[in-house]
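Between the sequences and the hints, there should be enough to build the whole structure, so can you do that?
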Amino acid sequence: MVDIVYMKLNDGKFFNVKKLNEIWDDSYFMGGFDNIGDFVSNEINLLDIESGQWPINPFVMILNGNGPKIIEYISTEKRLISDLQNNKCRVIININEGGVNDDGYTYYEFEHKPIINDLIQENKISKDNIIWMTPEYLIDNEQQKDFPFVKKFFNKWELQLDSIKQEYYHPYMLDIFKNGRNFSRPKHFYCVSSSPRGHRLDLINFLTDNDLLKCGNATFFSNAHGEIENEEFQVLGSKDLKFDPPNSWPWAQPNFDGSYLPTYSINVVQCFNSYFHLLTGSIFETDENSKFPYIFFNEKIWKAMITLQPFIFIGQPNTLSMVKRFGFKTFHPFIDESYDGELNNEKRKLLIYDEIKRLCSMSIDDMDKWFWGMEDILVHNYNRLTEYGYEHYDEFIKLLKENIN
Amino acid sequence: MKVTFYFNNKIINDFNEIWTNRLLFEKIENLKLTSSCDIFLIRPSYENDSPFEIIKSMDKTKKIILWYMDTLSKEFYELHQTKIKELCKLEYDVSVIIPDFHLSGYDLPCEVFNNYSMADCILEQQQVNRKLIKYFDKNSEKLYRQKHFLSFNGNIKPHRVDLLTYVLENGLLLKFDISFNSHFWNQAGQSLHLDLKSTSWYTSTNLNLPLYYNSYIDVITMANSHSTEDFPRVYIDEKLYKSFACMKPFLIVGQYRTLETLKKLGFKTFSEWIDESYDTEVDYDVRMTKIHNEIKRLSEFSIKEMDELYFKMKTILLHNSSQLGIHIHNTDKKILEIFNG
Numbered sequence: 070m071v072d073i074v075y076m077k078l079n080d081g082k083f084f085n086v087k088k089l090n091e092i093w094d095d096s097y098f099m100g101g102f103d104n105i106g107d108f109v110s111n112e113i114n115l116l117d118i119e120s121g122q123w124p125i126n127p128f129v130m131i132l133n134g135n136g137p138k139i140i141e142y143i144s145t146e147k148r149l150i151s152d153l154q155n156n157k158c159r160v161i162i163n164i165n166e167g168g169v170n171d172d173g174y175t176y177y178e179f180e181h182k183p184i185i186n187d188l189i190q191e192n193k194i195s196k197d198n199i200i201w202m203t204p205e206y207l208i209d210n211e212q213q214k215d216f217p218f219v220k221k222f223f224n225k226w227e228l229q230l231d232s233i234k235q236e237y238y239h240p241y242m243l244d245i246f247k248n249g250r251n252f253s254r255p256k257h258f259y260c261v262s263s264s265p266r267g268h269r270l271d272l273i274n275f276l277t278d279n280d281l282l283k284c285g286n287a288t289f290f291s292n293a294h295g296e297i298e299n300e301e302f303q304v305l306g307s308k309d310l311k312f313d314p315p316n317s318w319p320w321a322q323p324n325f326d327g328s329y330l331p332t333y334s335i336n337v338v339q340c341f342n343s344y345f346h347l348l349t350g351s352i353f354e355t356d357e358n359s360k361f362p363y364i365f366f367n368e369k370i371w372k373a374m375i376t377l378q379p380f381i382f383i384g385q386p387n388t389l390s391m392v393k394r395f396g397f398k399t400f401h402p403f404i405d406e407s408y409d410g411e412l413n414n415e416k417r418k419l420l421i422y423d424e425i426k427r428l429c430s431m432s433i434d435d436m437d438k439w440f441w442g443m444e445d446i447l448v449h450n451y452n453r454l455t456e457y458g459y460e461h462y463d464e465f466i467k468l469l470k471e472n473i474n
Numbered sequence: 002m003k004v005t006f007y008f009n010n011k012i013i014n015d016f017n018e019i020w021t022n023r024l025l026f027e028k029i030e031n032l033k034l035t036s037s038c039d040i041f042l043i044r045p046s047y048e049n050d051s052p053f054e055i056i057k058s059m060d061k062t063k064k065i066i067l068w069y070m071d072t073l074s075k076e077f078y079e080l081h082q083t084k085i086k087e088l089c090k091l092e093y094d095v096s097v098i099i100p101d102f103h104l105s106g107y108d109l110p111c112e113v114f115n116n117y118s119m120a121d122c123i124l125e126q127q128q129v130n131r132k133l134i135k136y137f138d139k140n141s142e143k144l145y146r147q148k149h150f151l152s153f154n155g156n157i158k159p160h161r162v163d164l165l166t167y168v169l170e171n172g173l174l175l176k177f178d179i180s181f182n183s184h185f186w187n188q189a190g191q192s193l194h195l196d197l198k199s200t201s202w203y204t205s206t207n208l209n210l211p212l213y214y215n216s217y218i219d220v221i222t223m224a225n226s227h228s229t230e231d232f233p234r235v236y237i238d239e240k241l242y243k244s245f246a247c248m249k250p251f252l253i254v255g256q257y258r259t260l261e262t263l264k265k266l267g268f269k270t271f272s273e274w275i276d277e278s279y280d281t282e283v284d285y286d287v288r289m290t291k292i293h294n295e296i297k298r299l300s301e302f303s304i305k306e307m308d309e310l311y312f313k314m315k316t317i318l319l320h321n322s323s324q325l326g327i328h329i330h331n332t333d334k335k336i337l338e339i340f341n342g
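Protein chains in written order, with the working numbering: chain A, 70 to 474; chain B, 2 to 342.
To be clear, the hints were calculated from the coordinates, so they are not data collected in a lab.
Since we're looking at a predicted model, the values are computed, not measured.
Among these hints, one or two may not hold up.
The calculated SDA-like cross-link candidates involving lysine to any residue, where the alpha carbons are at most 25 Å apart (straight line), are [unchecked claim]:
{"hint": "1", "chain 1": "A", "residue 1": "LYS426", "chain 2": "B", "residue 2": "LYS135"}
{"hint": "2", "chain 1": "B", "residue 1": "LYS148", "chain 2": "A", "residue 2": "ASN279"}
{"hint": "3", "chain 1": "A", "residue 1": "LYS256", "chain 2": "B", "residue 2": "ILE157"}
{"hint": "4", "chain 1": "A", "residue 1": "LYS256", "chain 2": "B", "residue 2": "ASP138"}
{"hint": "5", "chain 1": "B", "residue 1": "LYS265", "chain 2": "B", "residue 2": "ASP231"}
{"hint": "6", "chain 1": "B", "residue 1": "LYS3", "chain 2": "B", "residue 2": "ASP39"}
{"hint": "7", "chain 1": "A", "residue 1": "LYS256", "chain 2": "B", "residue 2": "HIS184"}
{"hint": "8", "chain 1": "B", "residue 1": "LYS143", "chain 2": "A", "residue 2": "PRO265"}
{"hint": "9", "chain 1": "B", "residue 1": "LYS132", "chain 2": "A", "residue 2": "ASN248"}
{"hint": "10", "chain 1": "A", "residue 1": "LYS247", "chain 2": "B", "residue 2": "ASP231"}
{"hint": "11", "chain 1": "A", "residue 1": "LYS256", "chain 2": "B", "residue 2": "SER183"}
{"hint": "12", "chain 1": "B", "residue 1": "LYS135", "chain 2": "A", "residue 2": "GLY100"}
{"hint": "13", "chain 1": "A", "residue 1": "LYS247", "chain 2": "B", "residue 2": "SER183"}
{"hint": "14", "chain 1": "A", "residue 1": "LYS247", "chain 2": "B", "residue 2": "ASP39"}
Laid out in structure tokens, this is it:
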């Protein structure tokens, strides 16, 4: 058994999760994977620390919240710091929003690292006892040697999306995909860019200037809530989410105006009426001289895989090479993916735009042949989503078990 | 006793070449009959087909069924009507099965029954895709659709030209998923392609669910638009049955009294929300104007309003979806009684 204290942030305060069925949330534990399900049922001893009893045996604490609150909690919980110093405890940190702030930067890289570094160093906590486990993938593990904590990659969006796929989308997507062989699709691309960011603004300008919007179904800045004044940049297509996603997507959180972010939803109709997905990542701009190059994985790539669509990824360089490292396949030579290796932001953007232009210049008939040429890749990725989820959880379970030794 | 099927002057032993009514034919084949029966499957476009010559060489004790597989033009019908009357005069035991509904009667001295054109194929697709239709239907509760209307116009026909002209002249193209002349791919920009491939085999019975669920109302341009007060007739085929299967409300660009006929067959229409007075208008131009006006009115609805309208019609859509199977069952039952009687 692994003794675990699970602390979750709610209304600005951490509370202690005491029941195993409450462990299933948007942090590390997602439904649909037997390995993590069996592990939670049979090998986790969930500890209650709010009754006044502090753990006697070595334990793992999971802190699920936002960066400042997590740091504040560790700093103020003296028994925890003591146990960390004495190697009786290890803390696994999850940033529940997935790590990207409104400006498109990760909390990990730009905001909290100096503070958490100080906390660890001042208290002489062993590096191995603080594990920052978030959806940022450090491209080179050598970078970690200077960190005062362990940085682990946790592909939470992949797991969440596959969990949703298993519950809501499988096997329907495969069936719709196969039926689709009888028909061509009316549009070249589909693009959802709900939150305004610089590279998305550039993209819509590019599509408009080159008269390419007619080739796609596109939604831009539907989450801007009036922040974008120019109507041209509001909703092209329409805001497609209707109402009440929580009934279908239990993790969906409402915006301040009561609407819902389309993070967990997939507009299946739009996907299957177009051939490829233009994915705009949360982050595009990358400092090519950065000491800590990383890739942030959000939900978008996995959504395209669920609906069996090829994609162009308008985001951080090397994302595709990482996706391949996870056992997925990308679309070379059907799509010129040389953009993925281009660190210079402007050059990368131009390579991507050239490829969009090339694909949109194809006739629908040619596009259809092009699309079905990728059938094996698309089906492989669809199936790989679940396989990968299991593998990822095997590693996570191993990590939790290692802590008791 | 045995049933013999003829198609294009030949006896056929299987139904591989037949595109509709196949399941019914198989049921008829398996009937235990007290006397033999010859069924002539007639496709009006087969010019060399001469069933009457074959029949006249036959023994009059046989039951003869003339089974029309497609809509008949007035001229074709009148020609066959004369020949059928001759057969009856010669005391052949003839029955006629025809997909056209002649609303003032058939003026034939024999029994006439209506069959359906491709409703069975659509029902089959509906059953095969049952889970996916349910999925799209459920999905539709969460997401808005992109277009107001869907309209397929594979072959060029005058009423289709009129519809497209109206759509283009009134700037309504963006409100539609619409095809035109799409059975004939060409590079001269004379086609609007929606979902037909130029290179692969297409059957009109397949349901393109993502496309059907991208819009709210089907504007169905039927095979025929011509019908007159003195010879009123209605022909219904798969275009309409697909809308039932995919739970879509519709406007009919076709023969007058089509909605009236549908209601007689147990289907329901949308007069509470859509002005369906076009259905009683015999004059083609007036009828088209009424339909165009209704398209114009609905096109001014926001997507949210279209969505609300759609869900108000849901009970009728569900009814029509299940009525498709009932309609086929009822039709089959009546036809099978010819043999049991």
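Hint-by-hint comparison with the structure:
{"no.": "1", "hint": "LYS426(A) with LYS135(B)", "result": "37 Å, violated"}
{"no.": "2", "hint": "LYS148(B) with ASN279(A)", "result": "24 Å, holds"}
{"no.": "3", "hint": "LYS256(A) with ILE157(B)", "result": "23 Å, holds"}
{"no.": "4", "hint": "LYS256(A) with ASP138(B)", "result": "22 Å, holds"}
{"no.": "5", "hint": "LYS265(B) with ASP231(B)", "result": "20 Å, holds"}
{"no.": "6", "hint": "LYS3(B) with ASP39(B)", "result": "8 Å, holds"}
{"no.": "7", "hint": "LYS256(A) with HIS184(B)", "result": "19 Å, holds"}
{"no.": "8", "hint": "LYS143(B) with PRO265(A)", "result": "23 Å, holds"}
{"no.": "9", "hint": "LYS132(B) with ASN248(A)", "result": "13 Å, holds"}
{"no.": "10", "hint": "LYS247(A) with ASP231(B)", "result": "48 Å, violated"}
{"no.": "11", "hint": "LYS256(A) with SER183(B)", "result": "16 Å, holds"}
{"no.": "12", "hint": "LYS135(B) with GLY100(A)", "result": "24 Å, holds"}
{"no.": "13", "hint": "LYS247(A) with SER183(B)", "result": "22 Å, holds"}
{"no.": "14", "hint": "LYS247(A) with ASP39(B)", "result": "41 Å, violated"}
In the structure shown, a violation is registered for the earlier hints numbered 1, 10 and 14, in ascending order.
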